[in-house]
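Take these sequences, add in the hints, and give me the full structure.
There are 2 protein chains.
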Amino acid sequence: MTETIPAFIAIDWGSTNRRAYLVDQAGRVLRAEREGKGLLSVPDDGFAAEVAAIRSRLGDLPAVLAGMVGSARGWANVPYVRTPAGIDDLAAHVYWVEAGRTAIVPGLADPAGDVMRGEEVQFLGAVAAGLAPPDGLLCQPGTHCKWARMADGKIASFSTAMTGELFGLLRDHSLLADFLSGDVHDGEAFRAGAAAGLHGSLSTLLFRIRAAALLGSRSVEDSAAYASGVLIGHDVGGAQLEPGANVHVIADAHLGALYAAALAVAGANTTRLDSHDAFVAGIHRIWKASAA
Amino acid sequence: MTETIPAFIAIDWGSTNRRAYLVDQAGRVLRAEREGKGLLSVPDDGFAAEVAAIRSRLGDLPAVLAGMVGSARGWANVPYVRTPAGIDDLAAHVYWVEAGRTAIVPGLADPAGDVMRGEEVQFLGAVAAGLAPPDGLLCQPGTHCKWARMADGKIASFSTAMTGELFGLLRDHSLLADFLSGDVHDGEAFRAGAAAGLHGSLSTLLFRIRAAALLGSRSVEDSAAYASGVLIGHDVGGAQLEPGANVHVIADAHLGALYAAALAVAGANTTRLDSHDAFVAGIHRIWKASAA
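These protein sequences, in sequence, are chains R and C. Numbering that gives the first Met the number 0 puts the first sequence at residues 0 to 291. Numbering that gives the first Met the number 0 puts the second sequence at residues 0 to 291.
Among the hints, a few may not be true.
If several chains are the same, the list does not tell them apart, and a pair holds so long as it fits within one copy or across any two.
[Claimed, not checked] The list that follows gives simulated cross-link-like pairs (lysine to any residue, SDA-like), each with its CA atoms no further than 25 Å apart:
1. Lys36 / Ala47
2. Lys153 / Leu214
3. Lys36 / Leu174
These are calculated hints, taken from the structure and not from any lab test.
If you want it as structure tokens, here you go:
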């Protein structure tokens, strides 16, 4: 019986969170840890020490990093790779911060004027692992929701909507704030918002949330769900889906359910994927290809 | 020679600013004052004293108030009048906070789910004074930009876009903040933003402002003008103008020039009106009609 040998450490390092995985040669996760150690909490010269600490816990192994850690605010400002781009394109441009030992996966730039850092690993991993089709449309909701059009297993093009960030700005800082303290969940109010947001004018629909509360035509407790529906509907509307389209959504259960509901309102179907599975599948293949 | 007799005091009282006018019987402004005494700076029981102080400066005369002073946060929560509504409809529903002496003009509610307080006076005044046609489209830009469709001199319907507020949120609190410190003026960047915003997805276009700065395809100093163009273009796009439409814009020179530029990008023409003239013309007629 062959012993499973730990092969490398994969780190998904964003602005506010970090996940590290001990991954064996076959791509299986042996251990995982999640910490609030986003790069914004790490001093400029603190990245090597952070990775050393992770190695002290998970093993003295090569490490492959992805996400905003490869930006100007991170460990090194790694040049973007342009779309179309696949596993091999990323592998050919990994950036070695510690030669042969610690690499950062580059982000992607779409010539239409968009950028991503980190989500490319999930998108390519989802397809490479057979979780999503090689020519489908994938969506990764969040603060900045990413939509990727895949072609032949590569990311052909992508775009970003600042859906989650806009919701946070409205809830925390706007004149709507008093009306957005309610729970956000799929339901009548959310779907009414999504239907309006698909085609309507976003800035008009947002103002009318306050008007509806003042006029008593929508309860304040429903307003946050409606507002989320408007923003996610606007986001889905921007994707200009064909009727009956199937979208593979990489998200947790909560956001995944909201996007599935908005996509249903738009006449599209949803397949939900787990982001950790997709990330590990992607970074394992990038690591193998970069070592080849 | 007939002496001109001061007839009443007109007060345009918003959340953060207040303007008071001493207006004669013919509707001419004899004196005017502007103060930062928006209603948010006045305690709930302080409105009568504020008006008494204005009377001590402008004369012991009847006062007619309009704006957010008639909201739940103001002196009294005056019920909205529903559209369609004209001068006589507002005059019939002025709310007397001091019988025969101090009145508040009601705001308007559009059954489609929108509200305004204060702008209705300018819109109706602009038409009544012959500054705008009785069946035109009027626009009053600002924190919350108002669009009013006039019919036979009344406000037939209206809608609001939170254009100015969204720009402030993005500049002050968003991940775009670092890119939005530049000057906003009409020019190539503003018009490119307006053209994109007319039809594009707002939340995608906003994210790409940051991407363009990172990719070096737009200078950071042009980004604020571009962002303003996107938001105002989105606002204008929501108005669904017919080709060659003429829009009467009630605004100061700076905002008026920006809206005129975005309207030009949309193929529409602009006539700019002064908001003080429109306000005084409107409130003078409401006062005369309420006294009739």
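Intra- versus inter-copy proximity for Leu214 and Lys153 (alpha-carbon distance at most 25 Å): So Lys153 and Leu214 pass the 25 Å test across copies only (21 Å; inside, 50 Å).
My question is about Lys36 and Leu174: at a cut-off of 25 Å on alpha-carbon distance, are they close within one copy, between copies, both, or neither? Between. Shortest inter-copy distance 19 Å satisfies the 25 Å Cα cut-off; intra-copy 32 Å does not.
Please work out whether the CA atoms of Lys36 and Ala47 approach to 25 Å or closer within one copy, between two copies, in both situations, or in neither? within (13 Å within a copy, 55 Å between copies)
The structure meets every hint from the earlier list without exception.
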